[in-house]
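Residue numbers (the UniProt record's numbering), protein chains in the order written: chain A, 1 to 557; chain B, 1 to 557.
Everything labelled a hint here was simulated from the structure, so no lab data went into it. Any given hint could be a false lead.
Intra- or inter-copy, both count: the list cannot distinguish identical chains.
Stated by the list, open to error - Listed below are the simulated DSS-like cross-link pairs for lysine-lysine, each with C-alpha atoms no more than 30 Å apart in a straight line: (1) K66 with K129; (2) K529 with K461; (3) K433 with K386; (4) K508 with K477; (5) K66 with K98; (6) K355 with K288; (7) K377 with K355; (8) K355 with K386; (9) K340 with K433; (10) K214 with K252; (11) K436 with K355; (12) K436 with K340; (13) K340 with K214; (14) K340 with K377; (15) K66 with K109; (16) K355 with K433; (17) K319 with K217; (18) K386 with K66; (19) K288 with K214; (20) K340 with K319; (21) K107 with K319; (22) K529 with K508; (23) K386 with K436; (24) K533 with K508; (25) K516 with K477; (26) K433 with K8.
Protein chains: 2
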Amino acid sequence: MSKKNNDKVTIFALGGVGEIGKNMYCVQYGNDIVVIDAGLKFPDEDMLGVDIVIPDISYLLDNRDKVRAILLTHGHEDHIGGLPYVLRNLNVPVYGTKLTLGLVESKLKEAGLLGETKRILINADSEVKLGSMTATFFKTNHSIPDSVGVCLDTPEGLVVHTGDFKFDHTPVNDQYADLHRMAEIGNRGVLALLSDSTNAERPGFTPSEKSVGKELKEVFQQAQQRVVVATFASNIHRIQQVIEAAYETNRKLAVVGRSMVNVVNIAAELGYLNVPDGMLIEPEEVNKLAGNRVAILSTGSQGEPMSALTRMARSTHRKVDILPGDTVVIAATPIPGNEKYVGRTVDELFRLGAKVIYGGSMSGVHVSGHGSQEELKLMLNLMRPKYFIPIHGEFRMLRHHALLGEAVGVEPENIFLIDIGDTVEIQNGQARKAGKVPFGNVLIDGLGVGDVGNIVLRDRKLLSQDGILVVVVTLSKQEGRILSGPDIISRGFVYVRESEGLLDEANKIVMNTLNKLMNENVNEWASLKTHVKEALGRFLYEQTRRRPMILPIIMEV
Amino acid sequence: MSKKNNDKVTIFALGGVGEIGKNMYCVQYGNDIVVIDAGLKFPDEDMLGVDIVIPDISYLLDNRDKVRAILLTHGHEDHIGGLPYVLRNLNVPVYGTKLTLGLVESKLKEAGLLGETKRILINADSEVKLGSMTATFFKTNHSIPDSVGVCLDTPEGLVVHTGDFKFDHTPVNDQYADLHRMAEIGNRGVLALLSDSTNAERPGFTPSEKSVGKELKEVFQQAQQRVVVATFASNIHRIQQVIEAAYETNRKLAVVGRSMVNVVNIAAELGYLNVPDGMLIEPEEVNKLAGNRVAILSTGSQGEPMSALTRMARSTHRKVDILPGDTVVIAATPIPGNEKYVGRTVDELFRLGAKVIYGGSMSGVHVSGHGSQEELKLMLNLMRPKYFIPIHGEFRMLRHHALLGEAVGVEPENIFLIDIGDTVEIQNGQARKAGKVPFGNVLIDGLGVGDVGNIVLRDRKLLSQDGILVVVVTLSKQEGRILSGPDIISRGFVYVRESEGLLDEANKIVMNTLNKLMNENVNEWASLKTHVKEALGRFLYEQTRRRPMILPIIMEV
Numbered sequence: 001m002s003k004k005n006n007d008k009v010t011i012f013a014l015g016g017v018g019e020i021g022k023n024m025y026c027v028q029y030g031n032d033i034v035v036i037d038a039g040l041k042f043p044d045e046d047m048l049g050v051d052i053v054i055p056d057i058s059y060l061l062d063n064r065d066k067v068r069a070i071l072l073t074h075g076h077e078d079h080i081g082g083l084p085y086v087l088r089n090l091n092v093p094v095y096g097t098k099l100t101l102g103l104v105e106s107k108l109k110e111a112g113l114l115g116e117t118k119r120i121l122i123n124a125d126s127e128v129k130l131g132s133m134t135a136t137f138f139k140t141n142h143s144i145p146d147s148v149g150v151c152l153d154t155p156e157g158l159v160v161h162t163g164d165f166k167f168d169h170t171p172v173n174d175q176y177a178d179l180h181r182m183a184e185i186g187n188r189g190v191l192a193l194l195s196d197s198t199n200a201e202r203p204g205f206t207p208s209e210k211s212v213g214k215e216l217k218e219v220f221q222q223a224q225q226r227v228v229v230a231t232f233a234s235n236i237h238r239i240q241q242v243i244e245a246a247y248e249t250n251r252k253l254a255v256v257g258r259s260m261v262n263v264v265n266i267a268a269e270l271g272y273l274n275v276p277d278g279m280l281i282e283p284e285e286v287n288k289l290a291g292n293r294v295a296i297l298s299t300g301s302q303g304e305p306m307s308a309l310t311r312m313a314r315s316t317h318r319k320v321d322i323l324p325g326d327t328v329v330i331a332a333t334p335i336p337g338n339e340k341y342v343g344r345t346v347d348e349l350f351r352l353g354a355k356v357i358y359g360g361s362m363s364g365v366h367v368s369g370h371g372s373q374e375e376l377k378l379m380l381n382l383m384r385p386k387y388f389i390p391i392h393g394e395f396r397m398l399r400h401h402a403l404l405g406e407a408v409g410v411e412p413e414n415i416f417l418i419d420i421g422d423t424v425e426i427q428n429g430q431a432r433k434a435g436k437v438p439f440g441n442v443l444i445d446g447l448g449v450g451d452v453g454n455i456v457l458r459d460r461k462l463l464s465q466d467g468i469l470v471v472v473v474t475l476s477k478q479e480g481r482i483l484s485g486p487d488i489i490s491r492g493f494v495y496v497r498e499s500e501g502l503l504d505e506a507n508k509i510v511m512n513t514l515n516k517l518m519n520e521n522v523n524e525w526a527s528l529k530t531h532v533k534e535a536l537g538r539f540l541y542e543q544t545r546r547r548p549m550i551l552p553i554i555m556e557v
Numbered sequence: 001m002s003k004k005n006n007d008k009v010t011i012f013a014l015g016g017v018g019e020i021g022k023n024m025y026c027v028q029y030g031n032d033i034v035v036i037d038a039g040l041k042f043p044d045e046d047m048l049g050v051d052i053v054i055p056d057i058s059y060l061l062d063n064r065d066k067v068r069a070i071l072l073t074h075g076h077e078d079h080i081g082g083l084p085y086v087l088r089n090l091n092v093p094v095y096g097t098k099l100t101l102g103l104v105e106s107k108l109k110e111a112g113l114l115g116e117t118k119r120i121l122i123n124a125d126s127e128v129k130l131g132s133m134t135a136t137f138f139k140t141n142h143s144i145p146d147s148v149g150v151c152l153d154t155p156e157g158l159v160v161h162t163g164d165f166k167f168d169h170t171p172v173n174d175q176y177a178d179l180h181r182m183a184e185i186g187n188r189g190v191l192a193l194l195s196d197s198t199n200a201e202r203p204g205f206t207p208s209e210k211s212v213g214k215e216l217k218e219v220f221q222q223a224q225q226r227v228v229v230a231t232f233a234s235n236i237h238r239i240q241q242v243i244e245a246a247y248e249t250n251r252k253l254a255v256v257g258r259s260m261v262n263v264v265n266i267a268a269e270l271g272y273l274n275v276p277d278g279m280l281i282e283p284e285e286v287n288k289l290a291g292n293r294v295a296i297l298s299t300g301s302q303g304e305p306m307s308a309l310t311r312m313a314r315s316t317h318r319k320v321d322i323l324p325g326d327t328v329v330i331a332a333t334p335i336p337g338n339e340k341y342v343g344r345t346v347d348e349l350f351r352l353g354a355k356v357i358y359g360g361s362m363s364g365v366h367v368s369g370h371g372s373q374e375e376l377k378l379m380l381n382l383m384r385p386k387y388f389i390p391i392h393g394e395f396r397m398l399r400h401h402a403l404l405g406e407a408v409g410v411e412p413e414n415i416f417l418i419d420i421g422d423t424v425e426i427q428n429g430q431a432r433k434a435g436k437v438p439f440g441n442v443l444i445d446g447l448g449v450g451d452v453g454n455i456v457l458r459d460r461k462l463l464s465q466d467g468i469l470v471v472v473v474t475l476s477k478q479e480g481r482i483l484s485g486p487d488i489i490s491r492g493f494v495y496v497r498e499s500e501g502l503l504d505e506a507n508k509i510v511m512n513t514l515n516k517l518m519n520e521n522v523n524e525w526a527s528l529k530t531h532v533k534e535a536l537g538r539f540l541y542e543q544t545r546r547r548p549m550i551l552p553i554i555m556e557v
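Bound conformation, chain A alone (with noise of 0.2 Å):
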C-alpha cells in the first residue's frame, strides 16, 4: 500500500514531559488538533507565592478553529486541574469517562462554566469523530476508576496514548485493563507510542492494590482502639479497600478532609463506591462510639499544613482528637519535597501516643498507581510501536523509558525524547524533530493567570531572604535642600529594637550622600536613588553581610 500525504502528523506536549505535573498532549493532523489532558502542576520551590501551574496554550488558542476536543485519560488533578483555565479561554468538548466526568463537573461547577462547556460521555467502546482522526479508548489500571488509554487512528496511521497506567492483574472492583484491545490495537500497527514514563527508574513490577488491602485489613483487626487512614482522595479503590476493612471489623466510618467529603460522595453517587447501609458517620459521632467501632478516612498523606490529618495530629482538628493507643495509617508515598511535612505529621502523631504506620510502599499499605519497568515493557511489546515517545516524567524518567524501548526492540533513532513545546512530524510514515511551538509555564497567584512572571519572583525570592528597607526622603527641589527625612523603614531584615545603632548610622549614610550630590548639584532622582543605594547597600552588608533590597524614595514638593 502506497499512500502520498501532503499532510502530516505532529506530535507535541504542553506539559508533562520533563516534569511531574500539568500533562497536556496534541496531536495535529491538517486542520484538526486534538488534546489529550489539561493538567495542572504544583509551584516548584522557586515559585514563591505561587498557587498553581498550568500550560501555555498560546498554540491552541492562535489554532483555536482546528481543536476538535480536550479527551482526558482520568480524574487527577494532573490531567484535568488546568481545565478551568484552559476552558476560559477556549471552549472545546470535553471528553470522558463517568467518574472523570463527574469530578470534571464539580471542578467546573465551582469556577461558573459548566453551562458553557459540552461534556461528552465516554466508555471503553465509544468511538469518536474528530475531524480526519478518530479516537477509541481502552481501560487502563490506575491509582483511581474508569482510567484510559486512547488510539487515535489518523490518516497516517495509529497514535497510542496511554494515559496513566499500571498492569494489575487483581483489580479492586473488578476494573480489568482490555488488556486484549491493547493486543488488537498492536496487531493492527501502531505508528506511535506515547506511554507514562513515572516508575521507568523502578524494577520489577508494582504490586497489585489489593495487596494494599490485605495489609489493611490486618491492621484494622490488630487495631485496639481507632484507626485513621489518610489517602488521597482520588484513590477510589483504596477507600473502597478501607470500607471493607473497617465494615468487616465492625467499625463505623467517618470521612473527613473536604476533598474526601467531596470525593467520596461523587465516587459513591456514580456508583464506584459500594459502601454499606448505616456505615457512615458525621465527624461529630466519633467520640460517641467506643474506639474499637470506629474508623476515620482522612486526606493529609502529604503532610499538608491544612489539612485533616496535620490538624487532627497538631490537636486543631475541630471535631477530632488523636487518642492514645489510636492507629494513624499514612497510605500514600510523600511527593519529592513533602517528606519534611509528613515526618512532621508522623511526629506529632507519635507524640500523641498514637501507633503510626508510615514509610510508603515498604510498609505495605501503599502501592504507586503507575507501572513498574516490567509493565512498561509489556506495555511496549503489545503495542510494538514504530515510534516511542516517552512522556509523563522527569527527564530521567523519560530516558529511563527510553533504554526500555531500546531493550525491547524499538530501534534507538525512532525513540523521541522531547521537552514542552518541541515537535515530532510524522509525514508518509518517516518521523523526526522538527520546530517548537510556544510553550511554557503560567503561573496562577490568586487570581492573576500569568500576571507573575521572572520580575515578580525574583524580587519576592530577594525579599525573602534578606528583607527590604524603604528610604523615604522628602526634597525641595527649589531650594536643593532635604525638607523631612530621611526615614528609614525595615520589614524582614532585622530586629529593629535590637538595631537602632545600626539604622541610625545607616539614616546618617543616606543623609550625607544626598547632601553631598546636592552640593555638587547633582539633582536627577535616577542618579539621587542609585548613589543611595549604592551607599546603603555597601554599608549594609559590610555590617552585616546582608543584601536586603533597598528601595529609595524621593518625594518632591
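Dock chain B against the given chain A, drawing on the hints supplied.
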C-alpha cells in the same frame, strides 16, 4: 554498697533530640558540666534567609564557671559546626581525636579563634579528669574516621554517649570499633545510655562501607570514559575507596569543590588517606588526558545549587565539562528536602549524555553511617543500661529506638524520651524527668547571630508570598492637604506594566481615603496609616485574591 548523695547527675540536650542536627548534650554533676559536641543545623524551609542554626546555650553561659570541657565525638558539621559560635562566648577546652581536631582547627582558624582555644588531643586510651567526672572513650564505626563514644564516670555511675555509630565488621583502613571496651563498660554497669537513633526506623543491619568500594570498582572498570564521583566531603573512607578504584583502573584523580579539596588535604596530611604518589592532578589537567585515564572526585551529592557537580551538570563549571559517555556516580542519599535538587542534577547530567548512577543505598554506591535496628540492639545489649535516653533523631526515630530498648529488656519506665531543654536527674540511682533549662534555636544570618527572630521571619514569609506595596505621601500639616503623592511602588506583587489600571485605581483609593480623613480632621499618622492600609488591602484582595504587605509612609513638611 550504700551511698547517699545530695548531688545528682543531670542529663539534658541543647540540640539533637526531636531534630537531626545541632547536636549538643550536657552532663552535670554538682559544679561540673561536661558538654558533648557543639553542632549546627541547616535551616528549615520556613527559616527564610537564615544560613545556619545553632543551639541556645544560655544555660551554659549562666553557668560558665562550671563548664569543664567540650568533648567532640567526631568531625561532622552537626557535631562541630557550632563550635566557632559557642567558643566566641564560652572559652573552654575542646577535646577531640586527631582528625576531629584537624577539622576543628581549620574552622577555628577561619573564625580567628585558633589562638585562644585550648585544644586537647585524645585517643581511645585517654582518660580525662573533668572535675568530679572522668571521661574515657571507645572507638566506633561511622562515615568519618576517628569517631568515638564517650564514657563518663560520675559519682552516680557511668553515663555513656555512643556518638554516631554503626557496626562495620570490615571497615575501611582497619578502623575497627572497640567492641571489647564496650563490653567491658557494659560489665562495669551502665547507669544511663545515650544512643544514636538516626536509623532506628530501619530493620536489619547497615551494610559495610566496603560494599560500596566493591560496587565503585565495578563502575570504574565498566566506564569507557571519565568517572565523576560525588559524595560527602567528610566521608574519608569513601574517598579512600574512590582513590583505590581510580588507582586500580589506571586513572588519575582530580578533586573539585572547595570543601572536598579542604578535607582531602587535611585527611591526607594527618594520615587518614593513602594517596599513591603522582595520582592527584589539577582540574585544569583533566582535559589533557584520555577519558579512561581520568576520575574526578566532587562535592554536590545533595544537588546544592553552588556545588561543583551542579555547576558541571549545568555546564557552568570553569574547569570541568561533562562529556557524552562520562559516568557520574552520586554516592549519597538525598537528605530529606534535597530530593528535588538531586533529581534536577541527574536530569541535567542525562541531558549532557552522561551515564548516571544514583538512587542512594538502592544503587549500591552508598551506605549509611548509622546503625540499623539490629546494631542498635547490639549496642543496647553490650551496654545493658539501667536508664536509656535515645538521642540524635526526630521524635519518630527516638520513639522507635525506645521500642527497641523495651524489646531488649530495658524497663519502659526507665526509658526517657526528651525534648531539647528537658532534664533527666539521677540521684541515688533513681532517675526522673525534672524541669527545663533554657533552650531554643539561635538563627545565624550573615554576621548576625540571633538578630533574626519570629517577627523578621514572619515578614520574610509574607514578602515571599505576595510581595510589598509601599505607599508614600507627603502632607502639609499646617494646610491639612497632600503636597506630593500618593506614590505607590510595588515589588514582588504584579508586573507593573501589565497592571497599570490596578495601581492607578489603588492610587485613587489612597487619595480618597486620605482626603476624606483630613476633611474629618483626622490627622494622627497612626490612624491615617491604618485606614490607608485597610482600604488598600481590601481593594487588592477583592481584585487579586492576594495580600501583599502594605507599608504606608506619611511624610510631613
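Unmet hints by their number, sorted upward, for this structure: none
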